[in-house]
Amino acid sequence: MGDFSKNEMLVVAGARALAGKRVCFVGIGLPNIAVALAQRTVAPAIELIYESGVYGARPARLPLSIGDPCLVTGATAAMSMVELFSYYLQGGLVDVGFLGAAQLDRFGNINTTVIGGYDRPKVRLPGSGGACEIAINAREVFVLMRQSARSFVERIDFRTSPGNLGGAALRAAQGWQGRGPSVVVTDLGRYGFDPDTGEMVLEAVHPGVTEADVRAATGWDLRVAGDLEVTPDPTDEELRLIREELDPDGVYVKG
Amino acid sequence: MVRDGDTLAIEGFTHLISFAAGHEVIRQRRRDLTLCRLTPDVVYDQMVGAGVASKLVFSWMGNPGVGSLHAIRRRVEHHDPAPLELEEYSHFGMVGHYAAGAANLPFWPLRSYFETDLPKVNPNIRPVTSPFGGEPVFAVPPLNPDVAVVHAQRADAAGDTQIWGLTGCQKEAAFAASRVIVVVEELVAEEVVRADPNRTLIPGIKVDAVVVCPRGAHPSYAQGYYDRDNRFYLEWDRISRDPEALEGWLDEWVHGTATHEEYVEKLGTERWAELTPAPALSGSVDYGDYR
Chain E
1 MGDFSKNEML VVAGARALAG KRVCFVGIGL PNIAVALAQR TVAPAIELIY ESGVYGARPA
61 RLPLSIGDPC LVTGATAAMS MVELFSYYLQ GGLVDVGFLG AAQLDRFGNI NTTVIGGYDR
121 PKVRLPGSGG ACEIAINARE VFVLMRQSAR SFVERIDFRT SPGNLGGAAL RAAQGWQGRG
181 PSVVVTDLGR YGFDPDTGEM VLEAVHPGVT EADVRAATGW DLRVAGDLEV TPDPTDEELR
241 LIREELDPDG VYVKG
Chain X
1001 MVRDGDTLAI EGFTHLISFA AGHEVIRQRR RDLTLCRLTP DVVYDQMVGA GVASKLVFSW
1061 MGNPGVGSLH AIRRRVEHHD PAPLELEEYS HFGMVGHYAA GAANLPFWPL RSYFETDLPK
1121 VNPNIRPVTS PFGGEPVFAV PPLNPDVAVV HAQRADAAGD TQIWGLTGCQ KEAAFAASRV
1181 IVVVEELVAE EVVRADPNRT LIPGIKVDAV VVCPRGAHPS YAQGYYDRDN RFYLEWDRIS
1241 RDPEALEGWL DEWVHGTATH EEYVEKLGTE RWAELTPAPA LSGSVDYGDY R
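Going down the list, the protein sequences come from chains E and X. Taking the working numbering, the leading residue of the first sequence gets 1, the next gets one more, and so forth. Taking the working numbering, the leading residue of the second sequence gets 1001, the next gets one more, and so forth.
Treat the hints with care, since some could be wrong.
As the list claims (entries may be wrong) - Simulated restraints on C-beta separations:
#: 1; chain 1: E; residue 1: Val251; chain 2: X; residue 2: Gly1248; range: 20 to 30 Å
#: 2; chain 1: E; residue 1: Asp213; chain 2: X; residue 2: Gly1067; range: 43 to 53 Å
#: 3; chain 1: E; residue 1: Lys122; chain 2: X; residue 2: Arg1029; range: 26 to 36 Å
#: 4; chain 1: E; residue 1: Arg240; chain 2: X; residue 2: Gln1028; range: 49 to 59 Å
#: 5; chain 1: E; residue 1: Ala45; chain 2: X; residue 2: Gly1067; range: 29 to 39 Å
#: 6; chain 1: X; residue 1: Phe1132; chain 2: E; residue 2: Arg22; range: 29 to 39 Å
In short, the hints are calculated from the structure, not lab data. Glycine included, every Cβ here is placed at the ideal spot set by N, Cα and C.
Build out the structure end to end from the sequences listed, making use of the hints.
Listed below in structure tokens is the structure:
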């Protein structure tokens, strides 16, 4: 295993999963860096769309929030949020929606609202933002998050954004235009979803991570692909782009 | 123009957030306000910490790019010093909440909320079926704030208001509100507005007051005028974790300054120099002269 951090591996694995994608609805932080890395490597034609109302962003610096002015300067379009959510997202133009999660269950259902009860929560989280409608309307959803037994849970405390509900057939029966979660990338590995059951399946572990490590950081009896892969190390170029261009101060990727 | 008990929207998606108006509300020691915004961030944390609000209507709460809003979290998690009522949507739901208010519609339909817990905690999010074929969607009711405050790059004396950059939900909030206050970086001649009508967000007929307050969006930003002061957003994380530090900050920077002008001066010229971007002009377009 080379000299790179868990977050760098997470970003690189997230970027690689975007190969060939066109329009990506992206949040700030690690997903933003992953998409920016993809744009410079495996998906040069990818267009970034931010829920703040920007399409086709070409930020000249690392944006520190999804409303950063650097996202507007040089973008293809800056628009109202009515337009963004109505015509672009609900209108079906978004290929991939990137979401994060405080809690995720085996069917890819997401909680970003509360830990504990709603009325007097143990931890009040930010809430949905655009995540609920992204989860329903983007053609597919990628989840990027750090993994632990506290975040990968048997039962989420609140369903903010629907994944495969209780199974793939249940999701498909809804008739939503988005097919839901397709890839989950964590600091430990990469997951796909079983097309029949809608359940997450571990497809790759990152270098230096064992299947036992992943199981210890998962709150349910995890399904593992028969041909479990090991993610190739980040390349020198991927690391250079992250360290020198995308997050030179290590704001997000350090640690 | 803001009274105790009012529903107040200080909109702005990261961009053009009128901190100056929020601070003035704190100085006036208003009470029992319902604060609306898609993204309650630092100015709402300051207002909640100062005790002006009893309810939030929102869709995402956080310090963007930094973390949590600790004054709000103390009220929600520990009821410290008192509970804070929440009415929670998703972004598109909140957008529709304003848009229905602005368009005088009984509801706004959207393809969201299916199979989620949000409608369980907010009875204002309700399933409806399309009268054209019975398809299920969700609906949110209109939101009509008593007062909307919009920060903008420029307006003329009649209140015709223009902005560029992120336009968020300011237009919907303003058209939905009973009273509209526009706070601007610059007051310009009517001809400036008339030379570029596509950039007008709100016409003067919807505007009740224009306040000229350069840099009134700090630490948020005005595209082309000054950058977002990310250092302040990071500092707020530390200040807001400690109620005494928060109190001290309000005493020094809000109650301790009589006007936003004093606040701007207190920040110092060096800070402002750091926040000033180089120009990136849009070029110009030809509207044509059709005499």
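Hint-by-hint comparison with the structure:
1. E:Val251 <-> X:Gly1248: 20 to 30 Å: holds, 27 Å
2. E:Asp213 <-> X:Gly1067: 43 to 53 Å: Since the Cβ atoms of E:Asp213 and X:Gly1067 sit about 27 Å apart, the hinted range of 43 to 53 Å is violated.
3. E:Lys122 <-> X:Arg1029: 26 to 36 Å: Holds - the Cβ-Cβ distance for E:Lys122 and X:Arg1029, about 32 Å, lies within 26 to 36 Å.
4. E:Arg240 <-> X:Gln1028: 49 to 59 Å: holds, 53 Å
5. E:Ala45 <-> X:Gly1067: 29 to 39 Å: holds, 34 Å
6. X:Phe1132 <-> E:Arg22: 29 to 39 Å: holds, 31 Å
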